[in-house]
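J.: Here the structure of chain A is known, so what remains is to put chain B in place on it, guided by the hints.
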Amino acid sequence: MTAIVLGAVAYDAKVVPIWEGFKAHFESHGLAFDFVLYSNYERQVAAQLRGELDLAWNSPLAWIQTQRAAPDRARAIAMRDTDRDLTSVVLVRAGSGPGSGAVQTAADLRAVGVGAADSPQATLIPLLALADAGARVEVVHHDVLVGKHGDHVGGERDAVVALLAGMVDAACVLDANRLAFARDGLFAPGELRVLLQTAPYDHCNVTALTDTPAIARFRELLLAMSYDDPVVRPLLDMEGLTRWLPGRTSGYALLERAVDARPR
Amino acid sequence: MLDLGELGLDEGAHLLIKRALARDRTVTVTGTSPTLAIDLPAWCRTRGHALERRPDGYAITAGPDRWRGAERAGGDAPVAHPPARWGLAARGALVEAGAPELDLPLAVWADEAARLYAQAAAAQWDPATAIPWDAPASHPDEVEDAVVQIMTYLIENETAALLVPVRFLGKLHPQFREVMQLLAIQAADEARHIEVFTRRARLRRRELGLSTASGQASLATLFDEREFAVAAMLLAVLGEGSFLSLLWFVRDHAPDACTREVARLAAQDEARHVAFGLAHLAHQLAADPPLRGRLAAAIERRHAALAHTAGLNEEVFDALVVLAAGGWQPSAVRRGHAAVVALSREMDDGRRLRLGRLGFSPGDAARLSSLHTRNFM
Numbered sequence: 001m002t003a004i005v006l007g008a009v010a011y012d013a014k015v016v017p018i019w020e021g022f023k024a025h026f027e028s029h030g031l032a033f034d035f036v037l038y039s040n041y042e043r044q045v046a047a048q049l050r051g052e053l054d055l056a057w058n059s060p061l062a063w064i065q066t067q068r069a070a071p072d073r074a075r076a077i078a079m080r081d082t083d084r085d086l087t088s089v090v091l092v093r094a095g096s097g098p099g100s101g102a103v104q105t106a107a108d109l110r111a112v113g114v115g116a117a118d119s120p121q122a123t124l125i126p127l128l129a130l131a132d133a134g135a136r137v138e139v140v141h142h143d144v145l146v147g148k149h150g151d152h153v154g155g156e157r158d159a160v161v162a163l164l165a166g167m168v169d170a171a172c173v174l175d176a177n178r179l180a181f182a183r184d185g186l187f188a189p190g191e192l193r194v195l196l197q198t199a200p201y202d203h204c205n206v207t208a209l210t211d212t213p214a215i216a217r218f219r220e221l222l223l224a225m226s227y228d229d230p231v232v233r234p235l236l237d238m239e240g241l242t243r244w245l246p247g248r249t250s251g252y253a254l255l256e257r258a259v260d261a262r263p264r
Numbered sequence: 001m002l003d004l005g006e007l008g009l010d011e012g013a014h015l016l017i018k019r020a021l022a023r024d025r026t027v028t029v030t031g032t033s034p035t036l037a038i039d040l041p042a043w044c045r046t047r048g049h050a051l052e053r054r055p056d057g058y059a060i061t062a063g064p065d066r067w068r069g070a071e072r073a074g075g076d077a078p079v080a081h082p083p084a085r086w087g088l089a090a091r092g093a094l095v096e097a098g099a100p101e102l103d104l105p106l107a108v109w110a111d112e113a114a115r116l117y118a119q120a121a122a123a124q125w126d127p128a129t130a131i132p133w134d135a136p137a138s139h140p141d142e143v144e145d146a147v148v149q150i151m152t153y154l155i156e157n158e159t160a161a162l163l164v165p166v167r168f169l170g171k172l173h174p175q176f177r178e179v180m181q182l183l184a185i186q187a188a189d190e191a192r193h194i195e196v197f198t199r200r201a202r203l204r205r206r207e208l209g210l211s212t213a214s215g216q217a218s219l220a221t222l223f224d225e226r227e228f229a230v231a232a233m234l235l236a237v238l239g240e241g242s243f244l245s246l247l248w249f250v251r252d253h254a255p256d257a258c259t260r261e262v263a264r265l266a267a268q269d270e271a272r273h274v275a276f277g278l279a280h281l282a283h284q285l286a287a288d289p290p291l292r293g294r295l296a297a298a299i300e301r302r303h304a305a306l307a308h309t310a311g312l313n314e315e316v317f318d319a320l321v322v323l324a325a326g327g328w329q330p331s332a333v334r335r336g337h338a339a340v341v342a343l344s345r346e347m348d349d350g351r352r353l354r355l356g357r358l359g360f361s362p363g364d365a366a367r368l369s370s371l372h373t374r375n376f377m
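In order, the protein sequence lines correspond to chains A and B. Under this note's numbering, the residues of the first sequence are numbered 1 to 264, in order. Under this note's numbering, the residues of the second sequence are numbered 1 to 377, in order.
Extracted from the complex, chain A is given alone in its bound form (with noise of 0.2 Å):
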């Protein structure tokens, strides 16, 4: 039996062992199953647009990237519990609230840091937010592993750490990003406030361009993973879920709007 094809992006070194969980519990339900890394998500639509890979474990901009090339094929079949109803924030340093003559809105930031380039979540969707909501912004991008849409943390780290040193006005992160950038004490409770949260948005989907039935199999053994079975928990754990959900694309809208805002 020929196994069916996964792409995924190493933005980690955990991604190897992730996605070998992932193929022996497939292979232990009688699908065979392989995976591809790659280092950027561009490839790996590419690849998949040309047909190389039956699945891809895509970014929301690749899975934008990859359902306008193929708007008729793209579908979105499993998502993570985790994927659905995300925020991002704009974080300000506390001291720069009302009466400090400095932030009181949006339209006072002069310099934005953000993520990387390409990161949905802690650069796109916040600046549309962020021009939604009048600001006219310096950007200042920090680029950490540019092409994995902004899955490595360390771009949106190091724009509060850069907001912290009083280099930018404002930093974009992941709203669970604040939670755990307190909690590893990178700045104080009280030090920075919320100045704008963005609507809920959609973040990673599985993405299919054929429907066979290994396809609908692999989208059956997922979906059946319980984060209750001892053998699977550590691979949800490690890639950051409790259980897998049907993939759905009301989501996007925010990053579909973001991307065609993007100046090119």
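Keep in mind the hints are simulated off the structure, nothing from the lab. Treat the hints loosely; a few may be bogus.
Chain B stretches covered by chain A per the calculated footprint, using a threshold of three residues with CB under 8 Å from any CB of chain A [stated by the list, open to error]:
| hint | region |
| --- | --- |
| 1 | 44 to 54 |
| 2 | 89 to 99 |
| 3 | 199 to 206 |
Covered stretches of chain A (chain B as the covering partner; in silico rule of three or more C-beta atoms under 8 Å from a C-beta of chain B) [to be verified]:
| hint | region |
| --- | --- |
| 4 | 81 to 95 |
| 5 | 192 to 199 |
For glycine and all other residues, C-beta sits at the position ideal for the given N, C-alpha and C.
T.: The following block gives chain B in isolation, referenced to the frame of chain A:
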């Protein structure tokens, strides 16, 4: 209903929520932290908890529980056959399912292990201060040479006494915590003995003494045993037991205070090692009576393996005679020789006594004791 007050999720509020969710599957949370409306959805999303905004607050319903299927790794007393899936978990801990299996197959127990460990921990001594290294000495050069030879031999034996149990320790299941601790502190004891014997040997001499092929052959057979109980029998009950008599002999005939203390303190530790070996074997024999036959067979096997060697370690024997004689006058040598012969008898008596305590008949004990290596250990 859980009121977080001003406490934010970036300040530890999640602890209160987790505590509440441990009691009730659904908890309504309120609070006045300025970022609560941002943080709660983000936190719930990453934890797999469902969140619903209601007029009276945020209703959080617990997501999947990673502790489902967790099991206790035993209790107060160790489980006889602990599974590999408990890994390194402390005995009595609640172990999450799915932890990696660790190949630590060895089960060793003795009820006395905890008491012996506590005793060992309390009896640790500092070689730098416990030994009178500067004590005056006026014995002849030949007696000093004998001390150096005896120390050289003791170091070799203590090296075996360190390495043999440690090889088992590396396979011991952590369920047997007290035994693990005891074997570790025994290894530390041996490390200290090796230090003080070496330091005593080099106190007045640049070079150490002789290491014989037969002595090494005898110790090498200890590394062949795969069963802990058998190794404990050969090393602790027979070997270290005889070693204890030897250390007392050195203590009683020491030419200076430094040598006396070195032997006395080492003997104190070795007595515990013998006690543990006996306690473990008594425990094991009660559960596995055929072990007695395997122990006897191992003694016979070792005797056969060593039959082709010179047997008695003459260099050590002679050094002990000189030590006990204290000089070269014929009358002193006669006295020293008699003392070493008496030592051999005393070692044999001790071995027979310990074998008897393990349930061997007087006849079997006498026969097996006579088969013990003439290299003492």
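J.: Is the coverage entry for the region 81 to 95 of chain A by chain B consistent with the three-residue Cβ rule at 8 Å?
T.: holds (count 7)
J.: Three residues minimum, CB to CB under 8 Å: does the region 199 to 206 of chain B make the cut for coverage by chain A? Let me know.
T.: Per the Cβ count (0), the hint is violated.
J.: Between the region 192 to 199 of chain A and chain B, see if three or more residues pass the 8 Å beta-carbon test, and mark the coverage as holds or violated.
T.: That given contact holds, which follows from 3 residues of the region 192 to 199 of chain A lying within Cβ reach (below 8 Å) of chain B.
J.: Checking C-beta pairs, does the region 44 to 54 of chain B have three or more residues closer than 8 Å to chain A?
T.: holds (count 4)
J.: At least three residues with a C-beta closer than 8 Å to a C-beta of chain A: is that true for the region 89 to 99 of chain B?
T.: Satisfied; 3 residues make the cut.
Comparing the model with each numbered hint stated earlier shows that hint 3 is the single one that does not hold.
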